[in-house]
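Generate the whole structure from the sequences, applying the supplied hints.
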Amino acid sequence: MEYYIAIASIIGIHAMLGLSVYLVAISGQMSFGQQGFFALGAYLAGMSTALWGLHLLPALALGVVVAAVVGLLVGFPALRVRGLYLAIATFGFGEIVRLAFLNVRYTRRIGDRVVGPNASEGFRHVRYIYDRGITPLEYLGIILLALAVVVVLFFALERSKLGATLRAVEEDEVAASMVGINVTRAKVFGFTAAAGVAGLAGGLFVHYSSYIDHDMVALPLAIASVTYPIFGGLGSFVGPLLGAVVLVGLTESLRALHDAREIIYGALIILTMLFRPRGLVDEALVLRVKGWLRPRAVRRPAPAP
Amino acid sequence: MAAAARGAPPGPGPVSDAPILAIRNLSRNFGGLRALDDVSLEVPRGAVFALIGPNGSGKTTLFNVVTGTLAPTSGTILFQGEPIAGAKTHEIVRRGIGRTFQNIRLFTRMSVFDNVWVAVRTPRGGDRARSETERAEALLELTGLTAKRNELVENLNFGERRRLEMARALATEPRLLLLDEPAAGMGALELERLTQDIRRLRELGATIFLIEHTMDLVMGVADRIAVLNFGHKIAEGAPGEIQTNQRVIEAYLGREGSRA
Chain A
249 MEYYIAIASI
259 IGIHAMLGLS
269 VYLVAISGQM
279 SFGQQGFFAL
289 GAYLAGMSTA
299 LWGLHLLPAL
309 ALGVVVAAVV
319 GLLVGFPALR
329 VRGLYLAIAT
339 FGFGEIVRLA
349 FLNVRYTRRI
359 GDRVVGPNAS
369 EGFRHVRYIY
379 DRGITPLEYL
389 GIILLALAVV
399 VVLFFALERS
409 KLGATLRAVE
419 EDEVAASMVG
429 INVTRAKVFG
439 FTAAAGVAGL
449 AGGLFVHYSS
459 YIDHDMVALP
469 LAIASVTYPI
479 FGGLGSFVGP
489 LLGAVVLVGL
499 TESLRALHDA
509 REIIYGALII
519 LTMLFRPRGL
529 VDEALVLRVK
539 GWLRPRAVRR
549 PAPAP
Chain B
531 MAAAARGAPP
541 GPGPVSDAPI
551 LAIRNLSRNF
561 GGLRALDDVS
571 LEVPRGAVFA
581 LIGPNGSGKT
591 TLFNVVTGTL
601 APTSGTILFQ
611 GEPIAGAKTH
621 EIVRRGIGRT
631 FQNIRLFTRM
641 SVFDNVWVAV
651 RTPRGGDRAR
661 SETERAEALL
671 ELTGLTAKRN
681 ELVENLNFGE
691 RRRLEMARAL
701 ATEPRLLLLD
711 EPAAGMGALE
721 LERLTQDIRR
731 LRELGATIFL
741 IEHTMDLVMG
751 VADRIAVLNF
761 GHKIAEGAPG
771 EIQTNQRVIE
781 AYLGREGSRA
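Taken in sequence, the protein lines are chains A and B. Numbering (the working numbering) for the first sequence: 249 to 553. Numbering (the working numbering) for the second sequence: 531 to 790.
One or more hints might be untrue.
Selected chain A positions facing chain B (Cβ under 8 Å, derived; list incomplete) [as the list claims (entries may be wrong)]: (1) Arg415; (2) Ala423; (3) Gly428; (4) Ser458; (5) Asp461; (6) Leu535.
Computed list of chain A residues with no C-beta within reach of chain B, every gap over 10 Å [as the list claims (entries may be wrong)]: (7) Leu347; (8) Arg356; (9) Asp420; (10) Ala508; (11) Leu519.
Some, not all, of what chain A presents toward chain B, calculated at C-beta under 7 Å [unchecked claim]: (12) Ala412; (13) Glu419; (14) Ser425; (15) Asn430.
Simulated from the structure, these hints should not be mistaken for laboratory data. Just so you know, even glycine gets a beta-carbon here, dropped at the ideal spot from N, CA and C.
Written out as structure tokens, the structure reads:
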């Protein structure tokens, strides 16, 4: 049972990371740096509860805000480059954050424990949920609740004009600007909000695992985050959710195969990119499903899309 | 704000008849190439103004500079009397310039409805009573695309795509509409419909500035024509004048002026 709770918790956290990359992607950018915002959220939220005695909610909120503000600051210069260059620039950012935490020491002795970011030793003893007697199952509830809030926001975004605006920018910046869209603002919004989501995932993660170090926010996490939306699909927020469930689930269920599962994982990604370049849940599928859900008789101006 | 529909006679007039778009001494270089060389022209309010010229003469470059996609190397552009040269595209659009592209640029992964809806913006002093959804629906109705509203753009035929791009451009409520070769690739029937659409837009008070090679369309709808060749404006006048202009004939057919 505990095993499944652990997997579900990881899926919830990784789904959020997937949504973060997805939000960047649908505003026309590719980021390999969301693990940097994840790390910022994790360290800030962890320090908030473990060192400064904050409650979980304001701690998570602080992690989100710091990640988003850094996202905004990084976003402006980073978004001047595109495509592969942007991917490298964002990965560079992620590495800067990682190396910063590899070197930053900000600890305090609490009882017989050294608490706080401790350079290469990592940040140990984020014991909030243990100290309060929150069970893993209850904490899974908190993770899923947070994920539900994020999903509701994505749901609203995708039905809104802002969502359509981001997608227009993704597809054709010149055409988007020609219908009056401020392309820079749309991209910076997408990048900033996505950074906040990654920060939330980080904050939830550090309290789940009670520990984080620089190694956990390195390249593999970047690749995993990018894989969820690419595999699951870029047509709807359902895509990255599906991607996280399937890929994390697959990784776990194939544990017996050891390294062979990496091959299966990689093959799956390549096959998706070949045969469904916009992922499993692509735009065409989303439109078809919307068509099924729409009442038949409606022909004239339906009030809502 | 809405310009009263009237057949504004070309040429200078009182203040209210000031040109909606005035381009003065506009140049644009690409490295050593002068794509636009000291071009000046005025588009009268309420007119259909056509820009013609051989391929590579700088027509689309002129549109790109007017819409802020390219910065001018020198010169000024006045839209409704205010300078817009060098402004950002979205700011220029919000001031009231709309545009379609030569090589149709739709949002192909979005539905037909969303393509128009994303472009609808309530301008200052605009009609807020009608919701953005209703305005998008109305534009689909106008362009005959209502039945396709939930389709992906990739399921539209060529003519429908052109009309959708027009609907999208109109959604920004332009006072000046730039059409870049709207008749390209169109059959006779579609051409007829386009001609009517342009006339109707003009009656509704829009000013149309179009680039076109299809002379049937140009001669049928344009009040005034300017001709570009190698980045220079070589002629401007009423359709009848342009048809008989010696320099225009030379630009199209060569120096001898003899028919091929």
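Going down the list of hints, with the structure as the test:
no., hint, in the structure
1, Arg415, "holds (6 Å)"
2, Ala423, "holds (4 Å)"
3, Gly428, "holds (4 Å)"
4, Ser458, "violated (42 Å)"
5, Asp461, "violated (40 Å)"
6, Leu535, "holds (6 Å)"
7, Leu347, "holds (37 Å)"
8, Arg356, "holds (50 Å)"
9, Asp420, "violated (5 Å)"
10, Ala508, "holds (36 Å)"
11, Leu519, "holds (21 Å)"
12, Ala412, "holds (4 Å)"
13, Glu419, "holds (5 Å)"
14, Ser425, "holds (4 Å)"
15, Asn430, "holds (5 Å)"
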